[in-house]
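For reference, each letter of the sequence shown is one residue, going 1 to 476 in UniProt numbering.
Just so you know, the hints here were simulated from the structure itself, not pulled from any lab data. Quick reminder that beta carbons are idealized off the backbone N, C-alpha and C, glycines included. Just to be clear, a hint being listed does not mean it is correct.
[What the hints assert, rightly or not] Just the calculated beta-carbon pair ranges, DEER-fashion:
(1) 447 x 201: 38 to 44 Å
(2) 138 x 116: 16 to 22 Å
(3) 64 x 230: 34 to 40 Å
(4) 88 x 338: 57 to 63 Å
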Amino acid sequence: MSGVVIVGGGPAAHRLAHRLHALGHRDAVTVIGAEPRPAYNRALLGSVLDGTLSADRLALPALPATVRTLTGARAVSIDRARRTVHLKDGRELPYDVLVLATGARPRIPDLPGLVTARGRLAEGARTLRTAADSHPLPPGPVVVLGGGVLGVESALALRHAGKEVTLVQRSGRLMQRQLDGPASHALAQWARSRDVTLHLGRRAEEYAPGKLVLDDGQVLAAGTLLLCTGTQPETTLARAGDLTVRDGIVVDAQLRTDDPLIHAMGDCAQHTDVTGTTLIQAWDQAEALARILTGTGTAYVPARHLLRPRVRGMDIVSLAPQAPERDTDTAVSLRDAARGRYARLALRDGRIHTGVVVGPAAAVAAVSGLYARDAPVPADLLALLSGADVPYADTDATADDAVACHCNNVTFRRLRAAWAGGAHDSQALARATRATTGCGGCTAVVRRLCTTLAAAGGAGPAGTHTAVDTAGGGTP
Numbered sequence: 001m002s003g004v005v006i007v008g009g010g011p012a013a014h015r016l017a018h019r020l021h022a023l024g025h026r027d028a029v030t031v032i033g034a035e036p037r038p039a040y041n042r043a044l045l046g047s048v049l050d051g052t053l054s055a056d057r058l059a060l061p062a063l064p065a066t067v068r069t070l071t072g073a074r075a076v077s078i079d080r081a082r083r084t085v086h087l088k089d090g091r092e093l094p095y096d097v098l099v100l101a102t103g104a105r106p107r108i109p110d111l112p113g114l115v116t117a118r119g120r121l122a123e124g125a126r127t128l129r130t131a132a133d134s135h136p137l138p139p140g141p142v143v144v145l146g147g148g149v150l151g152v153e154s155a156l157a158l159r160h161a162g163k164e165v166t167l168v169q170r171s172g173r174l175m176q177r178q179l180d181g182p183a184s185h186a187l188a189q190w191a192r193s194r195d196v197t198l199h200l201g202r203r204a205e206e207y208a209p210g211k212l213v214l215d216d217g218q219v220l221a222a223g224t225l226l227l228c229t230g231t232q233p234e235t236t237l238a239r240a241g242d243l244t245v246r247d248g249i250v251v252d253a254q255l256r257t258d259d260p261l262i263h264a265m266g267d268c269a270q271h272t273d274v275t276g277t278t279l280i281q282a283w284d285q286a287e288a289l290a291r292i293l294t295g296t297g298t299a300y301v302p303a304r305h306l307l308r309p310r311v312r313g314m315d316i317v318s319l320a321p322q323a324p325e326r327d328t329d330t331a332v333s334l335r336d337a338a339r340g341r342y343a344r345l346a347l348r349d350g351r352i353h354t355g356v357v358v359g360p361a362a363a364v365a366a367v368s369g370l371y372a373r374d375a376p377v378p379a380d381l382l383a384l385l386s387g388a389d390v391p392y393a394d395t396d397a398t399a400d401d402a403v404a405c406h407c408n409n410v411t412f413r414r415l416r417a418a419w420a421g422g423a424h425d426s427q428a429l430a431r432a433t434r435a436t437t438g439c440g441g442c443t444a445v446v447r448r449l450c451t452t453l454a455a456a457g458g459a460g461p462a463g464t465h466t467a468v469d470t471a472g473g474g475t476p
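Just need the whole structure built from these sequences, with the hints factored in.
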């Protein structure tokens, strides 16, 4: 192959370009990004919104010098016969392989007064999808519309920043698609304890700058209306190229569209009737596609679905919430309302099939690790769900390629390398790698690794085991 063109400047495109180079691809790679800045970690936009991170700290590592990056460039059409991509500024880019990583765009609700006659959001209304959306909010109360993952994360982040925050959710539960009833209730209690006002089971009826009217007649003061009402795959370019699109761009096991020279991945792609990806899933697709394009892999195999929302002060993990359960599954639950703890697991053949855990951090990390690797659960399930130190000798919790910090995609290899370079405590590791600087959910894991490495008197051997697992797996 002589040229790979990647349309999209997000984390998935960035990962693909990096991994192509790492796997030996030395021919031309071009990344086309519509935003005026290079790729950054969108998952941390909430941390910019609440002031705990500056926007420049979102930047992902620089791409290899051999990768050509075009920022502020918008692809508008594909000429499949000539194998060229046309940009809005008139440029044409030839390709041998084209990858669509165009992501998703915010879903704008049909709400009277929300959109102007020119098709723009009315004054005071905004979304949170790009770095430009995360600039400081004006003074005044904030209403967050939508109680999914982004809505909850944003509401708590803004409250932490000192804003007066109200969240409106049409259903009666927060994060309804990810959490069961008790877990959602625990989350709602936590939000209220942080002085976030919740209107659950309420529908927005009308918006005007400065106010939002609900279906029960209440009028909420809204200096800012933050729309967290979901996303939809960005398929405009694929449709213009006459590729098959249903909810997303339809791809096969090789992440190919119906044109064998065009692939799609991330939020814009629809693989096995599933659209929408977490950041980790998008990175997994980028890794798989890099291997497919370099001949070192044959197909994309979806990783197990694990979600750890960035809820400040509360540790939560949701494990395959849509997976159907069987009567023969073993149900395990633990509830400690006084401490705000809750867990429910469905075990199949001695392994975690689906479930949810709300705190403590050690239990969330341990359960996440066991689930991600499809490892057998220990005999002492109470100790596991309570966050007690339980050695899991049959898991490879901290192997070099396992991801310790999902917010910043920091592997244990990077942490050990930073330790070997002189970063001998968790704060030093945070400065060197950014681990723990996102949601903070990996702090206990990083501290435990420090203890292990200090006891070993050095950087520690690859694959060192610890009592606490961390979620998922990944690539350096």
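Hint-by-hint comparison with the structure:
no. : hint                  : in the structure
1   : 447 x 201: 38 to 44 Å : holds, 40 Å
2   : 138 x 116: 16 to 22 Å : holds, 18 Å
3   : 64 x 230: 34 to 40 Å  : holds, 35 Å
4   : 88 x 338: 57 to 63 Å  : holds, 58 Å
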